[in-house]
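Number of protein chains: 2
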Amino acid sequence: MEKINLQEKFGKFSDHWHPRLLGELNGQHVKIAKLQGEFVWHHHEEEDELFLVIEGTLEIAFKDKSIRLEEGEMLIVPKGVVHKPIAHKEVKVLLFEPAGTVNTGDQTEERTRDRIEKI
Amino acid sequence: MEKINLQEKFGKFSDHWHPRLLGELNGQHVKIAKLQGEFVWHHHEEEDELFLVIEGTLEIAFKDKSIRLEEGEMLIVPKGVVHKPIAHKEVKVLLFEPAGTVNTGDQTEERTRDRIEKI
Numbered sequence: 001m002e003k004i005n006l007q008e009k010f011g012k013f014s015d016h017w018h019p020r021l022l023g024e025l026n027g028q029h030v031k032i033a034k035l036q037g038e039f040v041w042h043h044h045e046e047e048d049e050l051f052l053v054i055e056g057t058l059e060i061a062f063k064d065k066s067i068r069l070e071e072g073e074m075l076i077v078p079k080g081v082v083h084k085p086i087a088h089k090e091v092k093v094l095l096f097e098p099a100g101t102v103n104t105g106d107q108t109e110e111r112t113r114d115r116i117e118k119i
Numbered sequence: 001m002e003k004i005n006l007q008e009k010f011g012k013f014s015d016h017w018h019p020r021l022l023g024e025l026n027g028q029h030v031k032i033a034k035l036q037g038e039f040v041w042h043h044h045e046e047e048d049e050l051f052l053v054i055e056g057t058l059e060i061a062f063k064d065k066s067i068r069l070e071e072g073e074m075l076i077v078p079k080g081v082v083h084k085p086i087a088h089k090e091v092k093v094l095l096f097e098p099a100g101t102v103n104t105g106d107q108t109e110e111r112t113r114d115r116i117e118k119i
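Taken in order, these protein sequences are the chains called S and R. The opening residue of the first sequence carries number 1 in UniProt numbering; numbering runs sequentially from there. The opening residue of the second sequence carries number 1 in UniProt numbering; numbering runs sequentially from there.
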């Protein structure tokens with residue numbers, strides 16, 4: 001059992017759209033990622049997904065609106081809801097979602113990560 | 001689907017050891033609480049519990065050691081592990097644990113909260 005310092009973990013990688021695993025509890029994964037640019041429209045069939053912005057600004061686009069998250073703001077995207085994360089500048093986020101959740105959901109593309117590495 | 005600003009939610013209450021619910025996903029609760037003073041030694045029979053410090057310093061005592069969490073640091077306490085949160089000054093924390101988790105675990109005392117209110 002060891003404490004985890006978020007900024008220390010963010011300092012260990014620089015690539016975008018590549019979530020790293022911080023820990024697991026109750027079958028859920030706690031991950032961090034750096035995001036920059038536009039992601040792919042996707043949804044998760046069975047998993048609700050939480051985004052918490054640690055640094056920067058994250059826009060999450062939906063078919064009918066867009067929600068802008070600043071540092072210290074979070075959003076739960078329910079399963080089945082099509083969304084697209086957009087980061088005009090680099091943003092650092094914390095993610096909570098079930099173990100096994102794939103970042104691109106129902107889509108497969110070059111940024112798809114279906115395995116997660118612990119950091 | 002609405003975004004949640006942590007500091008705005010913390011501004012809505014001032015009592016200690018009384019977690020409020022921010023949201024639910026995948027059967028898990030995301031809560032915030034203000035802590036000050038010493039809590040009760042307890043464990044959770046079936047639930048792993050995540051503490052993330054948003055502001056202040058939180059000490060979590062275990063039978064054989066103590067872990068000090070500063071702002072931006074988190075700890076996952078596995079089920080069954082006896083622990084006691086201690087806040088020498090007020091600390092603001094985010095908690096992630098299964099829906100139904102009682103704050104005092106196997107113990108019952110005046111700070112026990114077996115129902116959770118959404119804020």
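Keep in mind that the hints were calculated from the coordinates and are not lab data. Remember, predicted model here, so these are calculated numbers, not experimental data. It cannot be assumed that every hint is accurate.
Said to hold, decoys possible - For lysine-lysine, the following DSBU-like pairs were computed, each having C-alpha atoms within a straight-line distance of at most 35 Å:
1) K65/R to K79/S
2) K63/S to K63/R
3) K63/R to K79/R
4) K9/R to K118/S
5) K89/R to K3/S
6) K9/S to K89/S
7) K63/R to K89/S
8) K12/R to K92/S
9) K118/R to K89/R
10) K65/S to K3/R
11) K63/S to K79/R
12) K89/S to K3/S
13) K65/R to K12/S
14) K79/R to K3/S
15) K3/S to K63/S
As the list claims (entries may be wrong) - Here are the in silico distance ranges between beta carbons for each label pair:
16) S14/S to A99/R: 31 to 39 Å
17) E59/R to V82/S: 28 to 36 Å
18) E109/S to E46/R: 14 to 22 Å
19) V81/S to A99/R: 41 to 49 Å
20) E117/R to K118/S: 21 to 29 Å
21) F62/S to N5/R: 17 to 25 Å
22) P78/R to R113/S: 20 to 28 Å
23) E110/R to E109/S: 49 to 57 Å
24) G80/S to E90/R: 33 to 41 Å
25) T108/S to T108/R: 43 to 51 Å
26) E71/S to V82/R: 31 to 39 Å
27) E109/S to H88/R: 21 to 29 Å
Glycine is no exception: its CB is placed at the ideal position from the N, C-alpha and C atoms.
Status of each hint after checking the structure:
1. K65/R to K79/S: Given that 35 Å is the threshold and the Cα spacing comes to 40 Å, the pair is violated.
2. K63/S to K63/R: violated (51 Å)
3. K63/R to K79/R: holds (15 Å)
4. K9/R to K118/S: holds (31 Å)
5. K89/R to K3/S: Roughly 20 Å separates the two Cα atoms, so the pair holds.
6. K9/S to K89/S: holds (20 Å)
7. K63/R to K89/S: Status violated; Cα separation ~45 Å.
8. K12/R to K92/S: Within the cut-off at roughly 27 Å; holds.
9. K118/R to K89/R: With a Cα-Cα distance of about 25 Å, the restraint between K118/R and K89/R holds, given a limit of 35 Å.
10. K65/S to K3/R: holds (13 Å)
11. K63/S to K79/R: Distance ~40 Å between K63/S and K79/R Cα, so the pair is violated.
12. K89/S to K3/S: holds (29 Å)
13. K65/R to K12/S: holds (27 Å)
14. K79/R to K3/S: holds (16 Å)
15. K3/S to K63/S: This hinted pair is violated, its Cα atoms lying about 39 Å apart.
16. S14/S to A99/R: 31 to 39 Å: holds (36 Å)
17. E59/R to V82/S: 28 to 36 Å: Violated, at about 43 Å.
18. E109/S to E46/R: 14 to 22 Å: violated (38 Å)
19. V81/S to A99/R: 41 to 49 Å: violated (20 Å)
20. E117/R to K118/S: 21 to 29 Å: Violated, at about 35 Å.
21. F62/S to N5/R: 17 to 25 Å: Given a distance of about 19 Å, which is inside 17 to 25 Å, the answer is holds.
22. P78/R to R113/S: 20 to 28 Å: holds (26 Å)
23. E110/R to E109/S: 49 to 57 Å: Cβ of E110/R to Cβ of E109/S: about 54 Å, so the range 49 to 57 Å holds.
24. G80/S to E90/R: 33 to 41 Å: holds (39 Å)
25. T108/S to T108/R: 43 to 51 Å: holds (50 Å)
26. E71/S to V82/R: 31 to 39 Å: Because 35 Å falls inside the window, the suggested range holds.
27. E109/S to H88/R: 21 to 29 Å: violated (49 Å)
Of the numbered hints listed earlier, those contradicted by the structure are 1, 2, 7, 11, 15, 17, 18, 19, 20, 27.
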